[in-house]
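Q: Can you make the complete structure from the sequences, with help from the hints?
If you're matching them up, the sequences are chains A and B in order. In case it helps, the numbering used here puts the first sequence at residues 1 to 399. In case it helps, the numbering used here puts the second sequence at residues 1 to 341.
Don't take every hint at face value.
These stretches of chain A come out as covered by chain B in the derived footprint (C-beta under 8 Å, 3 or more residues) [said to hold, decoys possible]:
{"hint": "1", "region": "252-261"}
{"hint": "2", "region": "274-283"}
{"hint": "3", "region": "318-326"}
{"hint": "4", "region": "348-362"}
Non-contacting residues of chain B with respect to chain A, defined by C-beta distances greater than 12 Å in every case (computed) [what the hints assert, rightly or not]:
{"hint": "5", "residue": "K32"}
{"hint": "6", "residue": "D241"}
{"hint": "7", "residue": "D264"}
Rather than coming from a laboratory, the hints here were simulated on the basis of the structure. Note that CB positions come from ideal geometry on N, CA and C, so glycine has one too.
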Amino acid sequence: MAISTRGPGSLAPQAPRRSLINDPNVRAIFFQILVLGGVVLLGWYLVSNVLENLARQNIATGFSFLDREASFAIGESMIAYSPASSYSQALFVGFLNTIKVAVLGIFLATILGTIIGIARLSSNFLVAKLASIYVEVIRNVPVLLQLFFWYAVISESLPGPRQALNPVPGVFLSNRGMKFPGLADDPIWTWVGLALVAAIVGVWLLARWARKRQEATGQQFPVVLASIGVLVALPLLTWAAGGAPTALDVPELQGFNFRGGINISPEFAALLLGLVIYTASFIAEIVRSGIRAVNWGQTEAASALGLHRGEVLRLVVLPQALRIIVPPTTSQYLNLTKNSSLAVAIGYPDLVSVANTTLNQTGQAIEAVSIMMAVYLTISLGISLFMNWYNTRIALVER
Amino acid sequence: MKTKIIAAMGTALAIALGSTAAFAGPTLNAVKQKGFVQCGVNTGLPGFSNPDSQGNWTGLDVDFCRAVAAAIFGDAKAVRFTPLSAQQRFTALQSGEIDILSRNTTWTLTRDTSLGLNFAPTTFYDGQGFMVPKALGVSSATELNGATVCVQPGTTTELNLADYFRAKGMQFQPVVIESFDEVNAAFFSGRCDVYTTDASGMASIRSTLAPNPDDYIILPELISKEPLGPAVRHGDDEFYDIVKWTVYATLEAEEKGVNSGNVDEMLKSQDPTIQRLLGSTPGVGQALGLDEKWAYNVIKTVGNYGEIFERNVGVKTALKLERGPNALWTNGGLMYAMPVR
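A: This is the structure in structure tokens:
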């Protein structure tokens, strides 16, 4: 940086002629090329060695195995899958199962973590102490142990399907999972789902319009009531238009197990429970520290303006706290997603579980591991990008 | 599991870096240099490979590792064991972490070819079966439609299971857990109706791990052929020959009535086959690149096939297995040694 230090008004004499060796810029570029070259060479060496060794040992390489028939069964799947499906379909089933548990887990852990975090700040001694015990116990026990614990609790404490607990008519609790009635198949349900999505978009637009109107005219619009109306009415009308089907698919004990209805498997329940409870303890600490970081004066000032407690939290404290909360929470979301790979220990068929089986049935270790790495990298980068976008959006706007 | 990914990545890296030690020359040279045979075994399957409270490994699969060590070093103790899960075993062998995989591994076409393995002769003919609690009142595998089945992943067991139910047009719900202990716990806690694995393994699990063995029955159907035996890396014929002929030597010895008790007397036998086997007539050992006493050492320290079988899984053990297809061909079984000459 020698050049930039010489300001225009400096009295330094004309720079002496340098040789290229002494020019720091040239040196910097030279060393960077050297390092890059080294990395490329190392990579080339590794790859060529892998290929050579694999060829010598007669191990097949390449991704052509993905089209072959998988021939193994998978316990739960969100798409149609049978052992006759291909390895790529099996991997996709695993991927969807990972996404399912990650999305639900992130959603629930955020809610639970926020509640616990706020509870730790409660002026109620008992609530605050219980919340801190929760945080200290849960975050100091390895998550794998917690998964084993929840899985054991579910599979050991619940009876077999023939003695299933039946707390509410149609709901059965056994060590095969929780079965409850689902809506019988009817094409209208797809439309009801679409109507719900449309209603959510409508509510969002409505809220935007209401805010603009309030900013412009000062008039308030009953957004909450109207939103509830739209959210209920639109799907309800669609359902009525489709003939208002009320048929339920009720689980029934048949042979070994229940048939019909919706099932939450013990593996999924244990994994979700373990991940949510574990991650929530970290999120709770993040939320607590975020709220604590907002100066108490802000709260006092807001109260002085005559805002309610809820409004103080929602309009003054949380917007400032969120800027502190969001970046570390992103890390927790990533952790939860990656920890979901521990599913293999308790038999939930997530991506790692399916990819491991694929690896073992085909012997394609390098391919299977690279698929796993690519998928987790993509999911993680996706979460990261979304959270960064959100963080920029809520960041302090400096004018 | 995350550790699994790390292990797999490590393995990939090991392959990447060439594992020069393992492939520097024939495996035999590397083994001789180390002074011991590195053997991959099951993490704990009584009768086949199981560590006792002192950490000594015992079992049929373990004994064949010891036999190979005895053939090479004359010392059945020159073995180190690596306990491996079904998922880890092949990469461990491919990457050179172990020299022999002796872990109730089924010989299949894909494994023999695209996995880069070579299988030594089968040391145990097995078949996959089903175990159910007696309370279910099931007496045949054909009544299992709709059952929940516990199974370990990454095995031929998992594939045979799916094939069997597909062929019979029946449904099943798999519960696939990698850890041996966890899958057993899941079955015995009633998470599954059915447990499936190789019949011998199931006998072992029922007799040694069930809270009450009499509460469970093994269904009569065997749904597959499971020839189990040691495997080595493809491409090292010298070492492959040694493992192969060590197995044959134990069979040949049983056929000729040579056992660990009488092997010293048998050195004076007039039978030319026994003379060749025990090295009284030299030539065989040299052909394998070993000491002429290789087979003598195997039989003296580990025993012949019959002794190994009876000691580990036979009728006097907890597993109580009959010889069945594992009897010598002369007794109507499948065990047949190629001529040692």
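Q: Decide, hint by hint, whether the structure agrees.
A: Status of the hints after comparison with the structure:
no.: 1; hint: 252-261; result: holds (count 5)
no.: 2; hint: 274-283; result: violated (count 0)
no.: 3; hint: 318-326; result: violated (count 0)
no.: 4; hint: 348-362; result: holds (count 9)
no.: 5; hint: K32; result: holds (21 Å)
no.: 6; hint: D241; result: holds (17 Å)
no.: 7; hint: D264; result: holds (42 Å)
Consistency note: the structure conflicts with the earlier hints numbered 2, 3.
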